[in-house]
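Student: Chain residues, written in single-letter form:
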Amino acid sequence: MAQSVAKPVEHLELGEREDIELNSLGMWVYLASEIMFFGVLFTAYIVYRHAYPQVFAEASKFLDTRIGSINTLLLLSSSFTVALGVNATQRGERRLSLMLLAITVILGLGFLGLKFLEYSHEIENNLFPGGSFNYPGTNPDQAKLFFSLYFVMTGMHALHMVVGIAFVSTVGFLTWQQWITPQRYAPVELAALFWHFVDIVWIFIFPLLYLVA
Amino acid sequence: MEPEIIPRSRYVFVYIGLVVLLAATIFASTFDLGVFNTAIAVTIAVAKALLVALFFMHIWGSTQLTRIFAVMGIFWLALLIGLTLTDYLTRLGGG
Chain C
237 MAQSVAKPVE HLELGEREDI ELNSLGMWVY LASEIMFFGV LFTAYIVYRH AYPQVFAEAS
297 KFLDTRIGSI NTLLLLSSSF TVALGVNATQ RGERRLSLML LAITVILGLG FLGLKFLEYS
357 HEIENNLFPG GSFNYPGTNP DQAKLFFSLY FVMTGMHALH MVVGIAFVST VGFLTWQQWI
417 TPQRYAPVEL AALFWHFVDI VWIFIFPLLY LVA
Chain Z
232 MEPEIIPRSR YVFVYIGLVV LLAATIFAST FDLGVFNTAI AVTIAVAKAL LVALFFMHIW
292 GSTQLTRIFA VMGIFWLALL IGLTLTDYLT RLGGG
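Protein sequence lines, in the order shown, are assigned to chains C and Z. Taking my numbering, the leading residue of the first sequence gets 237, the next gets one more, and so forth. Taking my numbering, the leading residue of the second sequence gets 232, the next gets one more, and so forth.
Simulated from the structure, these hints should not be mistaken for lab results. Hints should not be assumed to be uniformly reliable.
Here are some chain C residues the structure puts well away from chain Z; computed CB gaps all over 12 Å [said to hold, decoys possible]: (1) Ser260; (2) Trp264; (3) Glu270; (4) Arg285; (5) Thr317; (6) Arg330; (7) Met335; (8) Ala338; (9) Val341; (10) Leu353; (11) Thr374; (12) Glu425; (13) Phe442.
Cβ-to-Cβ under 10 Å is the rule here; a few derived chain Z residues that face chain C [to be verified]: (14) Ile236; (15) Val243; (16) Asp263; (17) Thr269; (18) Ile271; (19) Val283; (20) Thr294; (21) Ile305.
Even for Gly, the Cβ is constructed at its ideal location relative to N, Cα and C.
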């Protein structure tokens with residue numbers, strides 16, 4: 237059979253199995269660099285939490301666990317819908333795929349909406365580590381480290397959410413334009429890989445920042 | 232050779248698993264178990280990340296090469312955190 241003959245790379249058509257594997261591999265190389273990007277933030281977190289365990293536990297109580305939990309559920313659900321979206325694209329179910337990608341984007345926007353609502357409450361309560369930082373608990377200088385890490389980690393995560401939403405919207409548009417087909421679905425798979433990665437980052441942010449107490 | 236199309240039920244089971252683990256981590260955080268709180272929270276987070284990486288990101292069923300790259304990402308992270316902590320955890324008094 238023809239499938240036993242390996243084609244040279246330059247003869248591969250976009251959307252063939254080999255192509256999906258190559259695309260995914262490239263995405264994983266990029267995601268490895270992203271692991272290191274967020275890795276330094278988590279390392280800084282571990283070092284300072286180890287240094288001031290009591291202060292971190294106390295400062296964590298000022299975060300809104302309810303919004304954090306709902307946002308975690310939104311992100312887990314969005315990973316589920318984007319995974320089903322890739323699956324529907326492979327099956328040639330274009331309408332279903334479009335609907336699932338749209339739900340993914342809506343869940344992502346919902347996450348960002350709640351996140352910014354949460355940020356505005358925290359800034360109102362002077363928990364943003366800027367000029368007007370006014371922490372009501374003990375050891376405000378050390379608590380400032382916790383809130384710096386909180387705003388940088390969740391802020392960088394939110395920025396990745398914006399990119400993810402743009403990425404999924406783009407492949408959704410390409411699906412709508414019928415450019416994406418079951419034989420040419422690599423962009424959908426790669427957008428989903430990025431989306432899942434951002435979800436995994438949040439899976440660690442949520443317990444480490446919100447559930448310390 | 233067409234890529235194998237995964238049955239939708241697998242994604243449903245993984246999603247149910249993720250939601251159950253989320254409920255578990257929130258539930259566990261309501262008890263004061265000392266250092267075990269963090270151990271449980273991190274263990275559950277790793278379990279959730281594994282579910283997402285293996286089944287949503289298709290590491291399960293991917294080529295060996297892709298798996299190596301995914302594992303290397305974790306390996307460098309372990310080096311980063313591990314070597315940093317060999318410093319901070321071994322400083323005696325006012326580090």
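Student: Taking each numbered hint in turn, which are not upheld by the structure, reported in ascending numerical order?
Tutor: Numbers 1, 2, 3, 4, 5, 12 and 13, in rising order.
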